[in-house]
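Q: If you want the building blocks of each chain, they are given just below.
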Amino acid sequence: MTSPIAGGVDCDLHPAIPHLTSLLPYLDDYWRDQVTTRGMTDLISQSYPPNSPISARPDWRPATGKPGSNLAELRAQALDPFGVRFGICNPLFGVQMVFSEDMAVAFARALNDWLVKEWLDKDDRLRGSIVIPLQSVEQSVVEIERCAQDKRFVQVLMLVMGDMPLGKRAYWPIYATAERLGLPIGIHAGSSYHNPPTSVGWGSYHIEDYVAQAQAFQTQLTSLIVEGVFARHPNLKMVMLESGFTWLPPYLWRLHKFWRGIRMETPWVDRAPLEIVRSNIRFSLQPVDAPAEPEVLNRLFDHMQSDELLLFSTDYPHWQFDGDAALPEGLSDDLVKKIMIDNPFATYTRLKEPVAQETMP
Amino acid sequence: MNIQFREQSGAAASAASKTVVTTAIADCDIHPARATATELHPFLAKRWHEHLAIFGKHPYQGMMEGPPYPKAQPNASRRDAYPPEGGPQGSSLSFMQQQHLDPNNVVLGVLNPLGTGQGIRNHELATAICSAINDWQIDKWTSKDSRLKGSIVVANEDGPSAAAEIRKRAGDKNFVQVLLLSRTVEPLGQRRYWPIYEAAEEVGLPVGVHAFGFGGNPITASGWPSFYIEEMVGHSQCQQAVLASLVLEGVFERYPRLKMIMIEAGFGWAPSLSWRLDKNWKRLRDEVPHLKRLPSETIRDHIWWTTQPMEDPERRDHLLELIEWIGWDRLLFATDYPHWDFDEPSRVLPPGISEVNREAFYLNNAVKLYGLA
Chain A
1 MTSPIAGGVD CDLHPAIPHL TSLLPYLDDY WRDQVTTRGM TDLISQSYPP NSPISARPDW
61 RPATGKPGSN LAELRAQALD PFGVRFGICN PLFGVQMVFS EDMAVAFARA LNDWLVKEWL
121 DKDDRLRGSI VIPLQSVEQS VVEIERCAQD KRFVQVLMLV MGDMPLGKRA YWPIYATAER
181 LGLPIGIHAG SSYHNPPTSV GWGSYHIEDY VAQAQAFQTQ LTSLIVEGVF ARHPNLKMVM
241 LESGFTWLPP YLWRLHKFWR GIRMETPWVD RAPLEIVRSN IRFSLQPVDA PAEPEVLNRL
301 FDHMQSDELL LFSTDYPHWQ FDGDAALPEG LSDDLVKKIM IDNPFATYTR LKEPVAQETM
361 P
Chain B
1001 MNIQFREQSG AAASAASKTV VTTAIADCDI HPARATATEL HPFLAKRWHE HLAIFGKHPY
1061 QGMMEGPPYP KAQPNASRRD AYPPEGGPQG SSLSFMQQQH LDPNNVVLGV LNPLGTGQGI
1121 RNHELATAIC SAINDWQIDK WTSKDSRLKG SIVVANEDGP SAAAEIRKRA GDKNFVQVLL
1181 LSRTVEPLGQ RRYWPIYEAA EEVGLPVGVH AFGFGGNPIT ASGWPSFYIE EMVGHSQCQQ
1241 AVLASLVLEG VFERYPRLKM IMIEAGFGWA PSLSWRLDKN WKRLRDEVPH LKRLPSETIR
1301 DHIWWTTQPM EDPERRDHLL ELIEWIGWDR LLFATDYPHW DFDEPSRVLP PGISEVNREA
1361 FYLNNAVKLY GLA
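Those sequence lines, one after another, are chains A and B. Take the first sequence: its position 39, counting from 1, is numbered 39 in the numbering used here, and each next residue is one higher. Take the second sequence: its position 309, counting from 1, is numbered 1309 in the numbering used here, and each next residue is one higher.
Bear in mind the hints are in silico, worked out from the structure with no lab data behind them. Careful: at least some of the hints might be erroneous.
[Unchecked claim] What the simulated footprint calls covered on chain B by chain A, stretch by stretch (three residues with Cβ under 8 Å from a Cβ of chain A suffice, anywhere in the stretch; the number is not a length):
(1) 1077-1090
(2) 1167-1177
[Unchecked claim] Straight-line distance between alpha carbons at most 16 Å, and here's what the computed EDC-like set of lysine to aspartate or glutamate pairs gives:
(3) 337/A to 307/A
(4) 1168/B to 1202/B
(5) 1282/B to 265/A
(6) 1071/B to 265/A
(7) 1168/B to 1198/B
(8) 122/A to 73/A
Idealized CB from N, CA, C, for every residue including glycine.
Turn these sequences into a full structure, and let the hints steer you where they fit.
A: Laid out in structure tokens, this is it:
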């Protein structure tokens, strides 16, 4: 196995909300009353059934409660063993699934406040992603601006499967806000389930949904690139989280070929898709969808033609690797340093900024 | 792609009809078109002529005419491919021979008719049009040029009637495969489509899944995108979902002699998808206990890919490594004639490939798969 080096950044940690009722202290009177009076159940997404093997590594599965819901365990199992300086928390809670804008706004806001109080305040290595109520672009912008005052929020979090392709112009106010505030957009595996998870409808199995996440990332990258998001926002960084990356080279070869053929359809795309990805898009390391042989993986890294694309992640507590083998076999020392330290710090520029203990409004 | 390949008039036309590709090739994706809207009528019951005139095809999409995303070229086809006698590109056998089959030394051309009875909500109409298209392929194409072979087009949303059409054509040497489209109502591994696979296995024909079609589902998991390029690139993501479904539903466990061909959706995604399926199958196999083998092994044994549109890396050696991972014995050369994103036979492979692999790629894999040796 390849040893991690100290001082890195784990870019994909999943602290779990024990239950919807854990948000009650962070909701206003109206929503607290709604949750209790209507007997609302927990917002658990089908994307990650808590008992599914991929939702928690066997040795990371707690005796009771949801995987990832205990700070002491996250320290002992993820932060300490990999010696990271920072760990970025990406809560996966089903606020994106609800259909009411108002409810989504209330829950997203409560979730972000919960993350600050229950996690960020308790370990200075932890950083957060701002969960937004994408059901309302206007309110998403409000929530980003509110949370961004706390420098421990280092990115905006969206899901890869939602209501509309992410390049659509309706979402651009979110991107303008993120770019202005120095926040990358993190796009994580998962679905609002407002559309079927594949272009041929609903598959039969959980494994089918999970495999399909990679295809969803591909269609989203196409949308973001050809709609012109990065022509309008050249300094905006986007990070594909839990996306897999071995699909990237052949995907780009195809996109590039079609872009050359029909670029007249989207004349505002001012750079080749390959160049846009190299300058604006990053990928979390896990999962590594590749054979264990280092030769194949090293060929894949060569196909990517850049050592700046990958950001270290354990995807804790999801089960992507065993033991300490977060870094696949056969990586050079230089590449390990790039993946663990240089690339994350270059992407998440807020990690270098001093954190003043301000209270969010 | 998207360029004028050869002059088609005057002195240049006679030059173009001479063989310029010296290696004999199979073209596993040729699109024959109808010259007129009524060209199918001789093969279609009269009630359907009237029905089509009044109600149209009533497909799983909104447009009465034309595709949801306007193509890059008229009929998505090369501007130099209009036949001199009129009609859309791909509608004239003599011009197809002159422009493509002869100069490119095509010794086997597999016809994949599009815009047929597939993706139509009225399944009875779908069945009638598909059967007519099959008769039309024999009448207009395969009986007139022995290099051309047809595909049994079936009403892909209606398993039993599709199976009946396949059995009706059993043993007919005009046909070398069953043709499905990728954009279906449900993923193609699901049980409603199993009668198709059962019949194909029974009559000993491979099943091709060509990109495109209408199934009512947006091509992304986040709804409908804006642009034609998103649909075109998206066909490869769609095909990945199709293949994942076929594997995970256990189609190849149930039909162990079934062979399938992924047509016009790229092949570059195959290794990564296989690795992802393998990795997650190891974690989640309790959910799919009917699967007895690694998904990658199933794919290696049962799946072929047509080449066009070839992925086009900056470094050609990367393409060769990718093909090594898939297997030189699994690719079937295709041009997509007369469509605009035609791959030029003489230009798709870089030098330095062994003669055996080159011949497998251009011809031998197809001859073997289609049982024409």
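Q: Under the constraints set out in the numbered hints, which ones does this structure not fulfil?
A: Hints 1, 2, 5 are the ones this structure does not satisfy, whereas the remaining hints hold.
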